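S.K.: Each chain is listed here by its residues.
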Amino acid sequence: MAYDIDYIRSQFPILDQQVQGRPLVYLDNAATTQKPVAVVDAISSYYYNDNANVHRGVHTLSQRATDAMEGVRDQVREHIGARESAEIIFTRGITDSINTVAFGMGALIKPHQNVVITALEHHSNIVPWQMLCERTGATLRYIPINEKGELILHSLEEIIDENTAMLAINHISNSLGTVNPVSTTLARAKAVGAWTLVDGAQTGPHAKVNVQDWDVDFFTLASHKMYGPTGLGVLYGKRERLEALPPYQGGGEMIATVTLEKSTYAEIPHKFEAGTPHIEGVIGFGAALKFMNSIGIEAIAQHEAELLDYATVSLSSIEGFRIIGTADHKASVLSFLIDGTHPYDLGVLLDQQGIAVRTGQHCTQPIMDQFCIPGTARASFAMYNTKEEIDLFKAALERAVNMLR
Amino acid sequence: MAYDIDYIRSQFPILDQQVQGRPLVYLDNAATTQKPVAVVDAISSYYYNDNANVHRGVHTLSQRATDAMEGVRDQVREHIGARESAEIIFTRGITDSINTVAFGMGALIKPHQNVVITALEHHSNIVPWQMLCERTGATLRYIPINEKGELILHSLEEIIDENTAMLAINHISNSLGTVNPVSTTLARAKAVGAWTLVDGAQTGPHAKVNVQDWDVDFFTLASHKMYGPTGLGVLYGKRERLEALPPYQGGGEMIATVTLEKSTYAEIPHKFEAGTPHIEGVIGFGAALKFMNSIGIEAIAQHEAELLDYATVSLSSIEGFRIIGTADHKASVLSFLIDGTHPYDLGVLLDQQGIAVRTGQHCTQPIMDQFCIPGTARASFAMYNTKEEIDLFKAALERAVNMLR
Amino acid sequence: MTISEKQAALVDEFAFFDNWMDKYNHIIEMGKSLKPLSDENKQEDLLVKGCQSKVWLKAEKRGEAVKFWAHADAIIAKGIVAMLIDIFDEQPAAEIAEAELGFIEEIGLKDHLSPTRANGLMSMIKQMKIYALAFA
Amino acid sequence: MTISEKQAALVDEFAFFDNWMDKYNHIIEMGKSLKPLSDENKQEDLLVKGCQSKVWLKAEKRGEAVKFWAHADAIIAKGIVAMLIDIFDEQPAAEIAEAELGFIEEIGLKDHLSPTRANGLMSMIKQMKIYALAFA
Ligand SMILES: Cc1ncc(COP(=O)(O)O)c(C=O)c1O
Ligand SMILES: Cc1ncc(COP(=O)(O)O)c(C=O)c1O
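Residue numbers (my numbering), protein chains in the order written: chain U, 1 to 405; chain Y, 1001 to 1405; chain A, 2001 to 2136; chain W, 3001 to 3136.
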């Protein structure tokens, strides 16, 4: 079946607008994606027909809302290939998911142990572990990267050792686009008995993974990067890990019994879902998953790969154009600099021409420090982008460079 | 100006439906309120026009989204009378807000100190403090309640003493409707130098408060109980308290600088807003506040007070009808039992007749334990309820009781 | 009667009633006529998790079969557990463990008895099957 | 010239340009012609918080007036800070602290220079006023 780009674009009304008098070209998808009609409709339909608080209600609306929410839990389970839907926790986002795990490990990790991440992580997969190590005396270690932005694996066996309690690694780098060799690193971690977590922020929109194939302990997704509503994330955890992990937040839903003296905690997934959940977000996310699957994640990934290739070749003809992150295996992200210009200036002048890219450090300051650069300009692609948009982007970029030089 | 109930009801499309073949009567508002058209429209308008990730983007959409979000922060500041908008933190809900404070206090509280709550709290204002005390060795104390469901204040000076680090208390009880004497208890806490937190879950929809008049350190609201979207809450904190409190979650947005070795944290409010915020929720909440204020919170409160009076008198004629929670000062909640029936059975048979009430412990198990009851049936009112609905409720309740006896 | 025959009989019974009120009245009647569980059996460890009212379930092995007793503090929950006992009581453990319960849909209560309902129907069934598996 | 007169002059300058490109070109030119800040002054403590590019601001008291120097690594940020220096440099501290900057709206860049913009215009203004207050 052909990739029906016109149909796809028609599902995203936001794209059909002028910015600064020019047609909007939205290339900031790694930060957040746009939402299709199906998602917005699911939200309004929920609020106009079924809205109620979930789980404890005997009345019909509460029941409908609960059924809808639990239905999405099962949809997510299926989407990532988890064994049971109790292994799917709804959180506020990737950041919340990782903090949930890092907090719980505070009670489990020993001072002589270490946590391993990579030099390629988003702040949300760095700072929680720094905080954990600060609280517990454990050590934080990094898998380094080379000048292409790829993990250097030859000393993996020294970095991940028998004292490693956790390996937490992203699958696809949001600032360089590197697709990391998750299986290799997970295999080493499992060999020494470490727990494992994969940050799937940039996986969700671009690749379908199976958590049982990876045999990973924890995996996280963000709805807002997968065409779904803001304020919702997923934390997948293997049952035995979630049962071993102490609860994070205390409150409604996550308890079995509460007396003035002591509380006992509910079973998973509720143990990790304190408070009224983001029911609307869950339902919108269900619609987003359904929409993505109706297009086909592989078809989307292939479309994006073509755009990435096209843009890489096309922009390379601009004098002084330099790609930051040239890994052999990349997905959907083009980070670059142009000699003699500052990325912030490029961003401003592109915006003047309707082109939305992100500029700065992309919440990955250690990468920028390693490359000794102040940041990059980053174009990142989604299912609805086109080669024509890349042409507009290139023309606008050339104009900006001319103004700045 | 007359209270225009027809206009108000017309703004809530969900109310205009049949449940089990009967017109829906939604009396579960203390659990969550319904959403007006203005809120749903704000959400779809955001996704169809302005959606982008906030704060770090130089492009137009990101700028619009940031302006919109920061505009709501200022709207909330004004709504609760905070000094500056940096004192307004957006969280996932009340539960998240309270956990944020309780977690941060872990680094500040000493084992000989105590935290004081009341016997009238929601689990979300009990369990975080139990967990804090467990982690730190501090003691948890309770202000007891009498048989009317009112706080017993005569030993307040023993309970809150010079070792009290925190007084955390709800303003309006979600399960009994008691309006607590916040000023009196806060005054005592301040006299001994304790920090103070007011759980405003049930305040938001029913009363307008000024945090500077109360001179409270922390105050929390939940969007979903105030006609706004799910997944969003507010944590107000005085600047000096928020600056003293260690950050909760690590990740994007909450840092100033990150190196592989160490991170420094951003200023408030960002210090407490790790990760991509629930932008849509913030914008929807802004629309909800605007809508509430257009009706007038005092007008709403008065309407609800009339409904509570009417229902209290009307239902009292049912044989064996017993109100749980008979405080002199109550808001919007009618919790009850009927002799010889179980609240769960009442809930099921009311639902069969289109009436949505909540049954159970309402996340306040200690209250139920104190009254030695398995739970209650609870009708709770919102701006859109009517006396006709209460008549339907009463008739349905009588029918249910007849079936059960 | 086998489990299937028992279900068919229940479905026939409910076919009499064409409105929710009569159906619930019947469930309530079933609840009222459930043989009592002695007070000393109303213990923590016999409580079924996931019901909004308290439901106690007790089982004993009787040869190949399983004997059940139950109690609930809410009458509708009691009626529901009474239906389940009507179907499963003194049936072979192996068959209880395997049984599919089509009757829920057929008596027209599916809407009222969905898996996430706070009434705990699913939890009760699960608990009875766990007993049966342990005895099989 | 007073602060108001300086602003009026800037507004006149920008009135020449009727499209964004020329306006930005002019800002870029102003950035290029900003007197350089010596390297030893590009220190952590002179950095203005809240800008996406690095902006350094230095001030000294000169009698009643304040003398400013600045640098930025992005040229548009440098142009923006150059505009501010054009307006505030060697003006009386008290007047800097009190000044209202209407020119932003008038030169038609309000959209581009709103308070939450990552360009940090507001942060630069705030920093200059803080210096002025300290000297006043
Ligand atoms: C008094 C009170 N506190 C706390 C909460 C918890 O709020 P949320 O579930 O939105 O976190 C609620 C609502 O359930 C409440 O009524
Ligand atoms: C790789 C990666 N990890 C983590 C995050 C944080 O996700 P969120 O901001 O939704 O919590 C992001 C997105 O910004 C990301 O790209």
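Keep in mind the hints are simulated off the structure, nothing from the lab. Hints are supplied without guarantee of correctness; some may be wrong.
Calculated pairs, BS3-like style, for lysine-lysine (alpha carbon to alpha carbon, straight line, at most 25 Å) [claimed, not checked]:
id, chain 1, residue 1, chain 2, residue 2
1, Y, K1238, U, K110
2, A, K2126, U, K262
3, Y, K1262, W, K3042
4, U, K262, Y, K1110
5, U, K394, W, K3023
6, U, K238, A, K2049
7, Y, K1262, W, K3049
8, Y, K1262, W, K3054
9, Y, K1238, W, K3126
10, U, K238, A, K2042
11, W, K3049, Y, K1238
12, A, K2042, U, K262
13, U, K262, A, K2049
Derived, one-sided and incomplete: chain U residues facing chain Y with beta-carbon distance under 7 Å [unchecked claim]:
id, residue
14, L15
15, Y47
16, P229
17, G231
18, H278
19, I297
20, I373
In this text the structure is predicted, and so the values were computed from the model without any measurement. Quick reminder that beta carbons are idealized off the backbone N, C-alpha and C, glycines included.
S.K.: Hint by hint, which ones does this structure get wrong, listed from lowest number up?
M.R.: 1, 2, 10, 14, 19, 20
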